[in-house]
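Protein chains in written order, with my numbering: chain W, 575 to 832; chain R, 8 to 241; chain G, 8 to 241; chain A, 67 to 303; chain V, 67 to 303.
Treat each hint with caution, since some may be false.
[To be verified] Simulated restraints on C-beta separations:
| # | chain 1 | residue 1 | chain 2 | residue 2 | range |
| --- | --- | --- | --- | --- | --- |
| 1 | V | Ser188 | G | Ala68 | 48 to 54 Å |
| 2 | A | Arg139 | V | Glu136 | 50 to 56 Å |
| 3 | A | Glu237 | R | Val227 | 51 to 57 Å |
[To be verified] Computed list of chain V residues with no C-beta within reach of chain G, every gap over 12 Å:
| # | residue |
| --- | --- |
| 4 | Val68 |
| 5 | Ile87 |
| 6 | Arg99 |
| 7 | Pro124 |
| 8 | Pro132 |
| 9 | Ala180 |
| 10 | Gln183 |
| 11 | Phe285 |
| 12 | Arg294 |
Hints were generated in silico from the structure; no laboratory data involved.
Using N, Cα and C, we set each Cβ at its ideal position, and we do this for glycine too.
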Amino acid sequence: AYAGETLRLAVTTSFHNSGLSDVLLPAVQAETGLTVDLLVVGTGQALRLGQAGDVDAVFVHSPAAEKAFVAAGYAPHRTEIMDNDFVILGPRSSIADVAAAESAHQAFSAIAAAGAPFVSRGDDSGTHRRERAIWSATQHVPDGADDPWYREVGGSMGATLNIAAAMGAYTLSDRASWLNFANKADLTIVFEGGPALFNQYAYLPISQDRHPHVNADLAAVLEAFLISPEGQQLIGAYQIDGETPFTPNPNLAAPLDG
Amino acid sequence: MEDTLTGLVSAFWLVVTLDPDLMDITLRSLQVTLTAVAIGSAIGMPLGAFLAIARFRHRRATIALLNALMGLPPVVVGLFLYILLSRSGPFGVFNLLFTPTAMIIAQVVLVTPLIASIAHQAIRELWSEYHDLLLSLNATIRQRAQTLIWDGRRALLTAALAGFGRAIGEVGAIMIVGGNIDHVTRVLTTAVALETSKGNFSLALGLGYILIALAIGVSVVSHLLSRTERSGQW
Amino acid sequence: MEDTLTGLVSAFWLVVTLDPDLMDITLRSLQVTLTAVAIGSAIGMPLGAFLAIARFRHRRATIALLNALMGLPPVVVGLFLYILLSRSGPFGVFNLLFTPTAMIIAQVVLVTPLIASIAHQAIRELWSEYHDLLLSLNATIRQRAQTLIWDGRRALLTAALAGFGRAIGEVGAIMIVGGNIDHVTRVLTTAVALETSKGNFSLALGLGYILIALAIGVSVVSHLLSRTERSGQW
Amino acid sequence: MVSLFPLHIKEAVVRAGGRTILGPISLEVKGHRATLIIGPNGSGKTTLLRLIHGLNTPKGGGLIWPVSLEQARQRQAFVFQTPILLRRTVIGNIAYPLELRGMRRSTAREKASAWAQRVGLSAMADQPAAVLSGGEKQKLALARALIAEPDLLLLDEPTTNLDGRATREIEEILQQTAAQGTTLLMATHDMGQAERLADDVIFLFHGTVHELGAAAQFFAHPQTAEARAFLKGDIVE
Amino acid sequence: MVSLFPLHIKEAVVRAGGRTILGPISLEVKGHRATLIIGPNGSGKTTLLRLIHGLNTPKGGGLIWPVSLEQARQRQAFVFQTPILLRRTVIGNIAYPLELRGMRRSTAREKASAWAQRVGLSAMADQPAAVLSGGEKQKLALARALIAEPDLLLLDEPTTNLDGRATREIEEILQQTAAQGTTLLMATHDMGQAERLADDVIFLFHGTVHELGAAAQFFAHPQTAEARAFLKGDIVE
Ligand SMILES: Nc1ncnc2c1ncn2[C@@H]1O[C@H](COP(=O)(O)OP(=O)(O)OP(=O)(O)O)[C@@H](O)[C@H]1O
Ligand SMILES: Nc1ncnc2c1ncn2[C@@H]1O[C@H](COP(=O)(O)OP(=O)(O)OP(=O)(O)O)[C@@H](O)[C@H]1O
Ligand SMILES: [Mg+2]
Ligand SMILES: [Mg+2]
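Isolated chain W, as found in the complex:
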């Protein structure tokens, strides 16, 4: 139907590194004929691209920033498409005693207590904001200046993982990026689960009132596909070596059951 038409979508590196896009986009193409040009950038940059109207939609995972974005009128609405979870990664030969931890912030406290090296994205991305949120729940919120073990690397998810792998350091990553990451070296998941690590992905079409030239129809087409049963089904079925990192949005699935 939309053969030959292209839509520009800005996504975060963590989403792209997960590899899901390599499954979804061909499906979109097959289903609707629509070609999606992906721009893989930091969360902040993705939202800026949206603000400027350089993309037709953004796909990010930073609820607070997204709501502000909608409030500012850059997007008519935000649609929660799916979620996955963050995991705390660390060296196998565990330096800090995180095994005992019951919650993410306990795990972080253990790392801080051990003064074990921790690599932070430090780039204001969804992942980074989440990490800071968890730290704020601990007694001591670290800061690269006074805590030598706390390293703010200011890079993409992939760059951060590469650094953590090379330093044998702890870090926070979304599960999908981790599963899809090839250079795992000595790293492994040292803590997972719990509400604190819930990671919500949302889709925001750019407002046509603000930017008449943006392709709202195509954006709507893509949105429709993402929330459609087959879209949701694809997301839920996506596997990386045996694991299914993403959970479709249950609120969307619900009516289908009823």
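On the provided structure of chain W, position chains R, G, A and V with the ligands as indicated by the hints.
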């Protein structure tokens, strides 16, 4: 460490199997870079010649500035162009953002000062040799520049190759204005960056090797061309 | 568009308030780059001179290769060094990864071929002028190189500045081997890249302006220095 | 076409390296004559020729041409003391001035071959100029100057590397050129040559005109002690 | 120290630009004498001097020195037809050969000033060599060659730009140098100079030795028609 070898292997296979994606990004790399270098030379060499020939106030300052511009940070150039080309920017209407054209513009900005600086330095030498003669023969500024560029072409080869080298390996600027969109603006360097961030080192290195091979190929060819007509001089 | 101006403002404030973080990364940028350029010149200029003087088999091939190496893609260099320096790599024991030293190494790799190529081209000219005399006086290869580098120092300034330009604006390699770690390996270019990915375009541009100002400063100073002792020649 | 002459030089001074290397000089250069400039090394012969040609700008005083300055520039040619060769073939070098004037390349190269012939360079017409022998380079420089058919030809010791015969032949060419109305202004250290070619003589000494006049007169009875000494090849203090 | 002489040149041939520009040449150069090389432009004088100095490598045949090759190289100096100047001051140029031999800079410069004095360049000792006049450049080149106190001094038309007096003075210096045992091998187009300086003469013609012998003999009774014609400044075919 074995990545460095598996990289060679994957490079080898990509090449022998004429992997379509590889061909696509390789050709785009060449097309973007060669265009940028051509434009950069067309601007930079006459500019360098002019700066060697002409005497005007603040000439030395201009040259110092030109040399400084060799240090233009790609990321900043990319960001600046992004703002200009963005839909909400002054040139938004042309819809150039995230196109190869935008990447060419970025590279032209980056290579022109480099080419001009090296050209200026090379031509200054030749000019000190030709100066009295060209003045005596009343050559116009334009004729002087033409003569110096033509007779100094072997030295200018280095300038062009330096420009090519800078452009072919550049990633910071074209990543921002090109967006590294698959099948649209993805080139070898951005692909390498992407694979690196995925931790696929062997593929990243493989693409890197191909990139380097490309650079070597271009350099060797240009040398052979310039050699076929080299004079009895050193 | 207003980012470009607010960028100027933020740059202004960062500078006048002597923002400690800014000072930190600016000094690191200078330290890393100047060290790399110094080493690169110490290797590249004699190498360039040698390639101009010596006659050996495959000499032209060597020069073509050297010129090609100007196109070494920073990302690939960074990745390669990452593999060599990482714990599991051959040089892991030295623990150099994510240190300024690693960044210096990366930049040396990047600037040396550029400096050597430009130096070679400049010195080749001078060599064709001095050739008969130096042979007649039985100057050793070493003495020839010294004489050519010394008498050609003004032309070599361009080579050094080109190297500086390439290094000061480079981000691809140092991002990988340095890791852009706050307070440890963050420099101006990596900071710009970070702010860009954060979407803080005005701050990114502000830092960029400071970077450019830095490059201009260095270029102007070197020109003034070389001018204070310039001969009666052109 | 209005004549370039007489050229008046008024109180011209050339300074370089922090000292006065020529002048103050005042003299009149007449047209259609051969004026020879002689004087010890460093006396300012080259500087005077360059001054007239416009390559050195006077610090004080100046030149007065009967025509516009660029007119004057257009109608001169200069043979430098050390030939300046373009990195081209012999023909490429000789044809260059014509190409600058927009002459079609083929025509220019034809004329150039004719001149190469005339100065005896045909044998090496397509060699790169860089490989010529010393004398051959001087011949090339002369051909390149003559091909432009200037009204004023300035020559700075143009035959120093030529053998006896070549010198004689070039002198003949110069005399023919003069006969066709070209004014010659030539520096030389070869007094024989000066006597053979000169109508007038300018004797430069320490950067100033020490004596000048008709050649016959000058060589027969030099007025100043310095000129006498110089002609005898004696110490000139 | 073993003498450099006699030097034997056997069937030496120099080719360039696809043709033979010198030779085959066979001759013996005797020590402690002044041998003058004369011949028309392009006859091969410069090439022969460069061949002996080792700047041109023979295609066939070669040179036989009584000493090792690098010995021979060490003990020669060359004055080029067009002076090659280092981009340094006059003193810096003259002192350079001594510095290459590891002499202390200050000592080298003292000796250099002495030589600048001797050839009459003291006035411009600290000027960049580039600004010297034509004759001054030749004087500089001579001083730079003589300062190394070579056993064999090769001179390629070294006085062409010198005035009469300077020529005479340089010739005196050369004669003194010869008297101190330095062997001179010099190309010139100035037959008067040749007669004044020569013990032996080599007459080159079309790249081969056409006639050679004792100077007095040669100038009094040249054997070949070409030599006679050349001395008369006649057409040599
Ligand atoms: N740019 C300069 N700076 C300093 N001194 C200079 C410069 N140019 C020329 N001179 C000096 O001016 C004097 C005159 O130079 P000029 O070349 O006119 O002499 P000349 O008469 O041509 O000598 P020659 O017969 O050797 O060619 C020389 O002593 C020279 O050293
Ligand atoms: N590299 C070269 N390639 C081609 N021809 C050359 C080369 N070098 C010299 N020749 C030719 O060889 C011939 C001899 O040159 P050479 O310089 O020895 O002559 P010469 O006797 O010194 O003449 P002059 O008296 O003019 O200095 C000249 O005709 C010159 O054109
Ligand atoms: Mg002169
Ligand atoms: Mg010669």
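- For which of the previously enumerated hints does the structure constitute a violation, in increasing order of number? none
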